[in-house]
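Okay, here's what each chain looks like letter by letter:
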Amino acid sequence: MTRKKRLSSVLQNIFKIAVLVLFMSPFYVALNYALKTKQEIAQTGLAWPKELHFENFTEAIRQTYVAGMPFFKVLMNTVIATLVGTALIVFISAMAAYAIARRKGKIYSICYTLMVVTLLVPIQAYMFPLYDELRGMGLLNTNLGFILAKVGAQVGYSVIITTGFVKNISVEIEEAALIDGASIPKMFVKIVMPLLKPIFMTSIVINALSIWNDFGLAFIVLTKPANYVLPLLQFTFITSNTSMLNLAFALFLLTMIPILLLYLFLQKYIVSGIMLGSVKG
Amino acid sequence: MKRYWKRERVYLLFLLPTVLFMIVFLYYPLIRGIPIAFTDWDGFSKTSNFVGLDNFKRILRDINIPRDLKNTLLFTAIETVICNVIGLAMALAVKKATKLNNLLRTLFFMPFVISLVLSSYMVQYLIYQVCQTFSWTSPLAVPSQVIPGLALIAIWRDSGYCMIIYIAAILGVDESMYESASIEGATRFQQFRKITMPMIVPAFTANVTLLLSWGLKLFDYSMTAVKGDASESINVYVYRMIFPGYQAGYGQAVALVWLIVVFIITNFVSKTLRKREVEL
Numbered sequence: 001m002t003r004k005k006r007l008s009s010v011l012q013n014i015f016k017i018a019v020l021v022l023f024m025s026p027f028y029v030a031l032n033y034a035l036k037t038k039q040e041i042a043q044t045g046l047a048w049p050k051e052l053h054f055e056n057f058t059e060a061i062r063q064t065y066v067a068g069m070p071f072f073k074v075l076m077n078t079v080i081a082t083l084v085g086t087a088l089i090v091f092i093s094a095m096a097a098y099a100i101a102r103r104k105g106k107i108y109s110i111c112y113t114l115m116v117v118t119l120l121v122p123i124q125a126y127m128f129p130l131y132d133e134l135r136g137m138g139l140l141n142t143n144l145g146f147i148l149a150k151v152g153a154q155v156g157y158s159v160i161i162t163t164g165f166v167k168n169i170s171v172e173i174e175e176a177a178l179i180d181g182a183s184i185p186k187m188f189v190k191i192v193m194p195l196l197k198p199i200f201m202t203s204i205v206i207n208a209l210s211i212w213n214d215f216g217l218a219f220i221v222l223t224k225p226a227n228y229v230l231p232l233l234q235f236t237f238i239t240s241n242t243s244m245l246n247l248a249f250a251l252f253l254l255t256m257i258p259i260l261l262l263y264l265f266l267q268k269y270i271v272s273g274i275m276l277g278s279v280k281g
Numbered sequence: 001m002k003r004y005w006k007r008e009r010v011y012l013l014f015l016l017p018t019v020l021f022m023i024v025f026l027y028y029p030l031i032r033g034i035p036i037a038f039t040d041w042d043g044f045s046k047t048s049n050f051v052g053l054d055n056f057k058r059i060l061r062d063i064n065i066p067r068d069l070k071n072t073l074l075f076t077a078i079e080t081v082i083c084n085v086i087g088l089a090m091a092l093a094v095k096k097a098t099k100l101n102n103l104l105r106t107l108f109f110m111p112f113v114i115s116l117v118l119s120s121y122m123v124q125y126l127i128y129q130v131c132q133t134f135s136w137t138s139p140l141a142v143p144s145q146v147i148p149g150l151a152l153i154a155i156w157r158d159s160g161y162c163m164i165i166y167i168a169a170i171l172g173v174d175e176s177m178y179e180s181a182s183i184e185g186a187t188r189f190q191q192f193r194k195i196t197m198p199m200i201v202p203a204f205t206a207n208v209t210l211l212l213s214w215g216l217k218l219f220d221y222s223m224t225a226v227k228g229d230a231s232e233s234i235n236v237y238v239y240r241m242i243f244p245g246y247q248a249g250y251g252q253a254v255a256l257v258w259l260i261v262v263f264i265i266t267n268f269v270s271k272t273l274r275k276r277e278v279e280l
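Line by line, the protein sequences are chains S and L. Numbering of the first sequence is given in full-length UniProt numbering, commencing with residue 1 and proceeding in unit increments. Numbering of the second sequence is given in full-length UniProt numbering, commencing with residue 1 and proceeding in unit increments.
For the record, the hints were derived by calculation from the structure and aren't laboratory data. A portion of the hints provided could be inaccurate.
Said to hold, decoys possible - Below, computed lysine-lysine pairings styled on BS3-like, alpha-carbon distance capped at 27 Å: (1) S:4 to L:217; (2) S:268 to L:95; (3) L:6 to S:106; (4) L:70 to L:57; (5) S:4 to L:95; (6) L:99 to S:5; (7) L:275 to L:194; (8) S:5 to L:194; (9) L:6 to S:190; (10) L:217 to L:227; (11) S:268 to L:2; (12) L:217 to S:224; (13) L:194 to S:16; (14) L:46 to S:4; (15) L:57 to L:46; (16) S:106 to L:227; (17) S:268 to L:99; (18) L:70 to L:194; (19) S:104 to L:271; (20) S:190 to S:104; (21) S:167 to S:268; (22) S:167 to L:99; (23) L:95 to S:5; (24) L:217 to L:57; (25) L:96 to S:104; (26) L:2 to S:106; (27) S:38 to S:50; (28) S:16 to L:95; (29) S:197 to S:186; (30) L:96 to L:194; (31) L:217 to L:271; (32) S:106 to S:167; (33) S:104 to S:50; (34) S:16 to S:38; (35) S:16 to L:99; (36) S:224 to L:46.
None of these values were measured; they are calculated from a predicted model.
Based on the provided sequences and hints, a complete structural model is requested.
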């Protein structure tokens with residue numbers, strides 16, 4: 001029995017190590033390429049660089065300015081879109097989820113169904129009329145246009161997971177507050193919102209990742225390099241610099257670091273947030 | 001009506017911003033796309049002609065459609081199956097909350113936080129390097145293997161997500177159930193079959209539905225890893241027709257039919273899974 005157990009734990013550890021190596025190796029590739037010269041990549045493959053070429057990073061940033069998609073501006077665009085978009089989605093989806101969870105009636109169930117359907121609609125099914133619409137509104141090629149389109153595409157999912165969560169909160173405290181004379185909006189802000197904190201975490205994580213990493217929608221809405229967000233920069237940079245892999249990967253690393261650091265600092269919340277979303281959703 | 005309004009006013013106003021965003025930036029453009037599908041509009045001219053069902057007839061004759069459909073469905077199938085298998089295996093391996101396991105969970109999930117574009121290039125060059133070392137032909141260079149290659153990228157990025165969902169389900173199982181089961185003499189396999197399995201079935205349903213919807217949206221990987229016929233998904237084809245192709249009418253027709261196909265597939269799969277869940 002103990003021998004069998006030991007064997008199974010050895011097998012399990014081998015499995016863990018194998019998966020770990022496999023899952024980390026693409027990051028190693030990125031780091032490796034980013035620190036080498038072009039020639040070294042071609043000649044030495046994945047061997048650790050003899051000399052660390054940190055100048056790749058500054059050169060990559062310089063090149064983004066030459067190409068008219070300045071790195072720090074693109075970074076700012078992405079940060080702003082992520083912050084504003086996430087805040088907007090989390091707030092309005094909580095309000096909608098509250099209404100749907102607490103009230104019965106046709107209007108609410110129809111709206112809920114409409115939200116579920118949005119999960120299935122590929123952007124490509126409506127990207128062209130959306131493009132046309134944003135052009136008419138003067139929002140094409142603006143960060144605001146990108147944010148609004150992204151909110152429209154994402155908000156349904158947040159409402160769905162938040163609704164499931166609200167349904168599990170007891171109504172008694174809310175009723176007591178209403179009897180005490182609080183208005184519904186005031187009661188919502190003072191009593192319901194604090195109770196929603198755990199699911200807000202989920203909503204924040206999912207929406208922030210989705211906006212930060214968005215490619216499909218940004219690709220349609222943002223066509224001028226100066227208004228790009230990071231995934232567009234990554235894509236355009238490597239397609240126009242396929243011979244300069246070291247610079248492309250140096251840029252990749254630069255764009256990856258903020259989100260990876262944030263993930264490592266907040267990983268406890270992120271992982272539990274995803275878990276919560278899945279259980280209640 | 002007046003009484004209804006008075007009672008529901010606040011709640012309907014709560015609902016309003018979300019519904020407005022959804023309608024203005026999703027449903028309105030989606031519906032506006034329908035009449036375009038019946039025209040020969042190029043997407044920028046002032047005029048266009050009504051062509052009836054011509055665009056839809058063309059879909060039936062279009063040789064690109066079966067290929068792109070096959071690419072999309074094969075990608076989705078491989079991704080959904082393998083992510084679930086690997087995700088479950090990883091979840092079982094790191095389910096005990098030791099320090100090491102917590103670290104491993106963090107690292108296994110890490111690919112999910114970077115963009116699909118980055119994932120695509122990072123895995124692509126890893127595959128390239130590995131193949132070069134062993135003098136293999138890279139799957140991304142062989143047309144018939146491109147789709148499994150793309151699926152590999154997606155598997156790398158999404159398996160950690162499946163793992164998290166499975167861990168959430170496994171942690172929901174009461175530990176004492178295992179204890180009493182092993183006292184009663186149940187083998188480890190029996191315990192897995194009778195206790196763990198029924199608990200993880202809802203997680204399985206959640207994962208399959210989610211991966212299915214991600215898979216059917218295939219766009220980013222096809223645009224980044226290997227461009228061209230071998231990797232083209234329906235979504236990329238729609239894009240290619242409308243924007244660089246100046247065939248907005250035809251592109252919208254393909255998009256419309258594809259949307260209906262996506263609804264049918266997703267509906268069928270989630271209904272089947274839910275039925276099985278009840279049976280178990």
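Now the hints, each set against the structure:
1. This hinted pair does not check out: residue 4 of chain S and residue 217 of chain L have alpha carbons roughly 45 Å apart, beyond 27 Å.
2. With a CA separation close to 15 Å, the supplied pair residue 268 of chain S and residue 95 of chain L stays within the 27 Å bound.
3. In summary, the hint linking residue 6 of chain L to residue 106 of chain S is supported, as the alpha carbons are separated by about 17 Å, within the 27 Å threshold.
4. For the hint linking residue 70 of chain L to residue 57 of chain L, the alpha-carbon distance of about 19 Å falls within 27 Å, and the restraint holds.
5. A C-alpha spacing of about 20 Å is found between residue 4 of chain S and residue 95 of chain L, which places the hinted pair at or below 27 Å, so the restraint holds.
6. With a CA separation close to 21 Å, the supplied pair residue 99 of chain L and residue 5 of chain S stays within the 27 Å bound.
7. Distance check on the hinted pair: residue 275 of chain L and residue 194 of chain L sit about 19 Å apart at the alpha-carbon level, within 27 Å; holds.
8. For a cut-off of 27 Å, the pair hint linking residue 5 of chain S to residue 194 of chain L stands: about 21 Å separates their Cα positions.
9. Between residue 6 of chain L and residue 190 of chain S the CA atoms are separated by roughly 23 Å; this keeps the pair inside 27 Å, and the hint holds.
10. In summary, the hint linking residue 217 of chain L to residue 227 of chain L is supported, as the alpha carbons are separated by about 16 Å, within the 27 Å threshold.
11. This hinted pair does not check out: residue 268 of chain S and residue 2 of chain L have alpha carbons roughly 49 Å apart, beyond 27 Å.
12. Proximity of residue 217 of chain L to residue 224 of chain S is assessed by CA-CA distance (about 25 Å); at most 27 Å being required, the pair is judged to hold.
13. Our distance criterion of 27 Å between C-alpha atoms is met by residue 194 of chain L and residue 16 of chain S, whose separation comes to about 25 Å.
14. A distance of roughly 76 Å separates the Cα atoms of residue 46 of chain L and residue 4 of chain S; the hinted pair therefore is violated under the 27 Å criterion.
15. For a cut-off of 27 Å, the pair hint linking residue 57 of chain L to residue 46 of chain L stands: about 25 Å separates their Cα positions.
16. Restraint check for residue 106 of chain S and residue 227 of chain L: not satisfied, since their Cα atoms lie roughly 46 Å apart, outside the 27 Å limit.
17. Pair hint residue 268 of chain S plus residue 99 of chain L holds up; C-alpha atoms about 13 Å apart against a cutoff of 27 Å.
18. The hinted pair formed by residue 70 of chain L and residue 194 of chain L fails the criterion: a straight-line CA distance of about 37 Å is larger than 27 Å.
19. For the given pair, residue 104 of chain S sits about 25 Å from residue 271 of chain L by alpha-carbon distance, which is consistent with the 27 Å threshold.
20. About 23 Å separates the Cα atoms of residue 190 of chain S and residue 104 of chain S, which keeps this hinted pair within 27 Å; it holds.
21. The hinted pair formed by residue 167 of chain S and residue 268 of chain S meets the criterion: a straight-line CA distance of about 25 Å does not exceed 27 Å.
22. At roughly 34 Å between alpha-carbon atoms, residue 167 of chain S and residue 99 of chain L are farther apart than 27 Å, so this suggested pair is violated.
23. Simply put, residue 95 of chain L and residue 5 of chain S have alpha-carbon atoms about 17 Å apart, close enough for the 27 Å limit, and the pair holds.
24. This hinted pair checks out: residue 217 of chain L and residue 57 of chain L have alpha carbons roughly 24 Å apart, not beyond 27 Å.
25. Between the alpha carbons of residue 96 of chain L and residue 104 of chain S the distance comes to roughly 42 Å, so the proposed pair goes past 27 Å and is violated.
26. About 17 Å separates the Cα atoms of residue 2 of chain L and residue 106 of chain S, which keeps this hinted pair within 27 Å; it holds.
27. Between residue 38 of chain S and residue 50 of chain S, the direct Cα distance comes to roughly 13 Å. Compliance with the 27 Å bound is thereby established for this hinted pair.
28. Straight-line distance between C-alpha atoms of residue 16 of chain S and residue 95 of chain L comes to about 12 Å, which keeps the hinted pair within the 27 Å bound.
29. Pair hint residue 197 of chain S plus residue 186 of chain S holds up; C-alpha atoms about 17 Å apart against a cutoff of 27 Å.
30. Distance check on the hinted pair: residue 96 of chain L and residue 194 of chain L sit about 19 Å apart at the alpha-carbon level, within 27 Å; holds.
31. Distance restraint check for residue 217 of chain L and residue 271 of chain L: the Cα-Cα separation of roughly 20 Å lies within the 27 Å cut-off, and the hinted pair is therefore satisfied.
32. Taking the CA atoms of residue 106 of chain S and residue 167 of chain S, the gap is about 18 Å. The hint holds against a cut of 27 Å.
33. Annotation: proposed proximity of residue 104 of chain S to residue 50 of chain S is violated, straight-line Cα distance about 67 Å (limit 27 Å).
34. For the hint linking residue 16 of chain S to residue 38 of chain S, the alpha-carbon distance of about 34 Å lies beyond 27 Å, and the restraint is violated.
35. A hinted pair counts as satisfied when its Cα atoms are at most 27 Å apart, and residue 16 of chain S with residue 99 of chain L qualifies at roughly 14 Å.
36. For the hint pairing residue 224 of chain S with residue 46 of chain L, the CA-to-CA distance comes to about 24 Å; that is within 27 Å, so the pair holds.
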